[in-house]
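The chain contents come next:
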Amino acid sequence: MIALFYRDMRLAVRAGGGFGLGLAFFLLIAVLVPLGVGPEGTTLAKIAPGILWVGALLSCLLSLDRIFALDYEDGSLDLLLTAPMPLEGVVAIKAFAHWTVTGLPLTLAAPVLAILLNLPAEGFFWLVVSLALGTPALSVIGAFGAALTVGLKRGGLLLSLLVLPLYVPTLIFGAEVVKRGATGAETLTPLVLLAGITAGAAAFLPFASAAAIRINLR
Amino acid sequence: MELRVSSVSIARGGIPLLEGVSFVLRAGGCLVLRGANGIGKTTLLRTIAGLQPALGGDISVGGDAIAYAAHADGLKSTLTVAENLAFWAAVYGTGAVDQALARMNLSELRDRQAANLSAGQKRRLGLARLLVTGRALWVLDEPTVSLDKASVALFAGVVRDHLKAGGAALIATHIDLGLDEAEVLELEPFRAKRNARGSGAFDSAFGGDFA
Amino acid sequence: MLSLARQNEKAYLNTMSLWEYANPQKFMLVSGRALPAITVVAALCLLAGLIWGFFFTPDDYKQGSTVKIIYLHVPAAMMAINAWVMMLVASLIWLVRRHHVSALAARAAGPVGLTFTLIALATGAIWGQPMWGTWWAWDPRLTSFLILTLFYLGYIALWSAIEDPDTAADLTSVLCIVGSVFALLSRYAVNFWNQGLHQGASLSLDKEENVSDVYWFPLLVCIAGFVLLFLALVLLRTRTEIRARRLSALLARERMG
Chain A
1 MIALFYRDMR LAVRAGGGFG LGLAFFLLIA VLVPLGVGPE GTTLAKIAPG ILWVGALLSC
61 LLSLDRIFAL DYEDGSLDLL LTAPMPLEGV VAIKAFAHWT VTGLPLTLAA PVLAILLNLP
121 AEGFFWLVVS LALGTPALSV IGAFGAALTV GLKRGGLLLS LLVLPLYVPT LIFGAEVVKR
181 GATGAETLTP LVLLAGITAG AAAFLPFASA AAIRINLR
Chain B
1 MELRVSSVSI ARGGIPLLEG VSFVLRAGGC LVLRGANGIG KTTLLRTIAG LQPALGGDIS
61 VGGDAIAYAA HADGLKSTLT VAENLAFWAA VYGTGAVDQA LARMNLSELR DRQAANLSAG
121 QKRRLGLARL LVTGRALWVL DEPTVSLDKA SVALFAGVVR DHLKAGGAAL IATHIDLGLD
181 EAEVLELEPF RAKRNARGSG AFDSAFGGDF A
Chain C
1 MLSLARQNEK AYLNTMSLWE YANPQKFMLV SGRALPAITV VAALCLLAGL IWGFFFTPDD
61 YKQGSTVKII YLHVPAAMMA INAWVMMLVA SLIWLVRRHH VSALAARAAG PVGLTFTLIA
121 LATGAIWGQP MWGTWWAWDP RLTSFLILTL FYLGYIALWS AIEDPDTAAD LTSVLCIVGS
181 VFALLSRYAV NFWNQGLHQG ASLSLDKEEN VSDVYWFPLL VCIAGFVLLF LALVLLRTRT
241 EIRARRLSAL LARERMG
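Chains as they are written, first to last, in our numbering: chain A, 1 to 218; chain B, 1 to 211; chain C, 1 to 257.
For the record, the hints were derived by calculation from the structure and aren't laboratory data.
Source: prediction; values computed, not measured.
Everything hinted at is true.
Calculated lysine-lysine pairs in the DSS-like style (CA-CA distance at most 30 Å, straight line):
| no. | chain 1 | residue 1 | chain 2 | residue 2 |
| --- | --- | --- | --- | --- |
| 1 | B | K149 | B | K122 |
| 2 | B | K149 | B | K164 |
| 3 | B | K164 | B | K122 |
| 4 | B | K193 | C | K26 |
| 5 | A | K153 | B | K122 |
Same shape as in the complex, but just chain A:
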């Protein structure tokens, strides 16, 4: 299992673009939005929590189709299925590897981009906390979408259509934490709900994803 994680990390580093692309996209969003909305600090501060969360979500979406598609194309997925590892574990590990190369760097880079968007100082802590708690859910849910579309030739757009509605609760609670944190309001309720979604998704979705992969490889 750990070997699989190491392999996926190694592949992400060597293939290039694994870490960089999602981050660059996140940066682009943080630059483009002020250009579109205008430079007014108060307006930006108001929309910063939402923009940062939507940006993290879209950056995460960008690399989802590679979670299983590459292994499917070169035949590794077939071999992993016949290997002495539960497929649910394989899915969970691969989702975790995906989080490590997308969600984790996004979480760490978010404070820098928050400066660009003029997020109030009180919000920075909550931004990092909410992303750290919420982005794993994005990877796990994304892995489910990737598992559904693994056999399809042009699954990319369909994957977005399947996954984005599933992201709604995570986005709402995640952005709510930052919004409340930035205004000094109570953040515990959305934070607990966000953590609940992540925990629930991580506990149950790998089973659905594994089922979907088995069906797709039949």
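Starting from the known structure of chain A, fit chains B and C onto it as the hints suggest.
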């Protein structure tokens, strides 16, 4: 280790391909499957490897015994030869990477990226994976594709050693591996009858008479 | 001779268990007979309910005649959710019992449910314009229906993207189950996100407090009409799907021979 296949029928895309396939493969045995393209060799092997359900019949394997090798080798082009193999060795909990490389004549290439291997070298690396699985029953789908004569002989030697060590091999192939001890199972007689009824859920559910 | 065959058929129909309707042939037989009747009753209910509701109820003292859009809005919204629930049940039946008709009925219900959702959204916007002074407000219920639209779109897109019918049935079923959980979560998340301006549930057991009888009875007729309309459409579309599956089965057999 014993693979027992009794009156198994299989389908691809809802269309029955083979019916009533039965054989027993014991330790030390090698069975070669033969048949025309599209008869269902790959589907049968995938079914035995547990990747898809059989339409009917029974397949029993003693324990976690199967190592499956498909058309695709499952190699990562950005990893080196040794890294590719070390991953599978770790997955199967064995550590015999160097011996496997030596056995498949890949030792000099161990630090080369898989992307820079020739087709035959890739195939040899794919087959070296079997050696690190430590599994007794090898289920091989066209293992000799893109291998030259010397490599085929090398591979046949590897299979022979595996059989001597108490392993078994089920191989779908068109060429003669030079394994004299291998039995041959011709799949043509098992071809599903035309208009076979009641075999696939697909057909039985939608084949009746209604407007 | 013919009547004897009919009788045999009838006796046969009487003895079969509920699950046997899931056999395509029996389903075609039974649904073929039921469909015309259901269609007629649905049309009658809808005509009666809508005419009664639109022309023979008094104007509301606050909302004027705009309130009458509830005869489209409320039943469509109810059926938008019920269609998804039906798809969920059909998906579960397919996964557990492998009845092809069940999977095809779920597939058939998708676009129908989407249409009801869009009707609910459109009528909501038309109603909201004079009431709230805007065509669209990010009210929790409207937002929930918008999200439901996305779920329907994903479900329908997945069905049409996968070629092998059994694979498509399996994967869409899994998506439907997971989607149901997330749709429910989204509903609560949206409530949390904005406590909106929608009036509270206008249909509940204590209906006397919410809607007076003059509006209530034609609404019931309309709801019955929408339920029957949904049933008729799903039966019709399921029959089409079954015929399409049969066609491809025959073609596959032809190719094989």
